[in-house]
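Asks: Taken in sequence, the protein lines are chains A and B. At position 96 of the first sequence (counting the first as 1) the number is 96 in the UniProt record's numbering, and the numbers step up by one without a gap. At position 94 of the second sequence (counting the first as 1) the number is 94 in the UniProt record's numbering, and the numbers step up by one without a gap.
In short, the hints are calculated from the structure, not lab data. Each hint should be verified, as a subset may be incorrect.
Put simply, identical chains are the same to the list, so a pair is met inside one copy or across any two.
[Claimed, not checked] In silico lysine-lysine, DSS-like type, Cα no more than 30 Å apart, as pairs:
1) 142 - 196
2) 142 - 46
3) 118 - 35
4) 182 - 35
5) 142 - 179
6) 142 - 65
7) 142 - 201
8) 65 - 100
9) 197 - 44
10) 142 - 100
11) 142 - 200
12) 197 - 142
13) 179 - 200
14) 142 - 35
15) 44 - 179
16) 18 - 178
17) 118 - 197
18) 44 - 142
19) 35 - 21
Fair warning: this is a prediction, and the values are worked out from it, not measured in the lab.
Number of protein chains: 2
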Amino acid sequence: MLLCDIGNTSYHFLDDFKSYKESVNSFDPSTVDEKVYYISVNAKVKTILDGLTNWIDLSEFIDMKNYYETMGIDRIFAVEALSDAVIVDAGSAITVDVVKEGVFRGGFIYPGVNAMEKTYANISPALSYSFNFECELDIMPKNSQDAISYGFLKTLYSEVISHDMPIVLTGGDSQELKKIFKDAKIDEELIFRGMKKIMKKANIC
Amino acid sequence: MLLCDIGNTSYHFLDDFKSYKESVNSFDPSTVDEKVYYISVNAKVKTILDGLTNWIDLSEFIDMKNYYETMGIDRIFAVEALSDAVIVDAGSAITVDVVKEGVFRGGFIYPGVNAMEKTYANISPALSYSFNFECELDIMPKNSQDAISYGFLKTLYSEVISHDMPIVLTGGDSQELKKIFKDAKIDEELIFRGMKKIMKKANIC
């Protein structure tokens, strides 16, 4: 048995021992013989998987009344994994979701690290810098690199900490964001944890 | 006598009666016979103006020890206009600068409205929305348009109000941002006010 979290660029698998990724462009899901429990934000891949009987879509086991229709299924499974937290999932977008007493309370979407670096560079070549994640957030910047780093990071930080709840980081850029959210916990398998919880609830493992 | 604030896309003039704009691409500054006191963030235009004796660059009258070398000259003149404020200049970028007791305390740069809408749309077609400036910022969103509107606006809002100072809005999108910063003052001629102040200080008018 495998678990798989499918994004826009990769299949993220978890077996009994490890997690690993395969590219959406090159991987052929029909080569897998095992049973795979999956979620997918990728509509194109979802269509392919609908024709494979050993790939089982876990989104069907979610009680959607707590969520909204266009909400990414990966956000929903991250929320299902926890009872009280602000979840910061830092990928191509950074999604921030609040769960209190096991109930989703809403969330917002902020651009991811790469997207935002490109945004600044496109506004003006004078703003073409990599972010400085060591940037001091307690004093207002007096140089260009810190002015954009602070603009990207401190605004996100101020909003997230205003909820005064434990912060859980996941996603590809969680190590970078940990430099800002020093008290946050990193949980790289948060979505898999949500998938396992839903499977247990639904008695399918 | 004219004042002129030159950006990446336009010459913004102020005469005794009104302010008006001319396109950087089509306007020929040598057609102006009057004396023009100007600032320019546009290096290309600056080079042209260096050859015209009736165009006088006001940046030379600034004491740069309070600022940093790569800081946009428009930000500097906005800061010079005020003594105690958070200045939010909403153009292609949104610059946020703090001035206390007449001294620049630092500032940051956030992407402008158009740049940020494009950023979300580029991350995923599912995030291609115009921002909802009427979006409720006191409760976490439960729909996609508000999730990105909140992501763009509430993060900026939380940071700006944390300074607990009067907020002054200027720039092309100041009317939109006023919907979020309800107590802020709009001052569309803030940079011209800074230019006049510097001219008075330097006894050149």
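Asks: Next step is simple, just say for each hint if it's right about the structure.
Replies: Results for each hint:
no. : hint      : verdict
1   : 142 - 196 : between (48 Å within a copy, 25 Å between copies)
2   : 142 - 46  : between (48 Å within a copy, 24 Å between copies)
3   : 118 - 35  : neither (40 Å within a copy, 40 Å between copies)
4   : 182 - 35  : neither (39 Å within a copy, 55 Å between copies)
5   : 142 - 179 : both (20 Å within a copy, 29 Å between copies)
6   : 142 - 65  : between (48 Å within a copy, 12 Å between copies)
7   : 142 - 201 : between (53 Å within a copy, 25 Å between copies)
8   : 65 - 100  : within (16 Å within a copy, 49 Å between copies)
9   : 197 - 44  : within (26 Å within a copy, 60 Å between copies)
10  : 142 - 100 : between (39 Å within a copy, 15 Å between copies)
11  : 142 - 200 : between (53 Å within a copy, 27 Å between copies)
12  : 197 - 142 : between (48 Å within a copy, 23 Å between copies)
13  : 179 - 200 : neither (35 Å within a copy, 46 Å between copies)
14  : 142 - 35  : neither (56 Å within a copy, 33 Å between copies)
15  : 44 - 179  : neither (35 Å within a copy, 39 Å between copies)
16  : 18 - 178  : within (23 Å within a copy, 51 Å between copies)
17  : 118 - 197 : neither (37 Å within a copy, 37 Å between copies)
18  : 44 - 142  : between (46 Å within a copy, 25 Å between copies)
19  : 35 - 21   : within (17 Å within a copy, 65 Å between copies)
The structure shown violates the earlier hints numbered 3, 4, 13, 14, 15 and 17.
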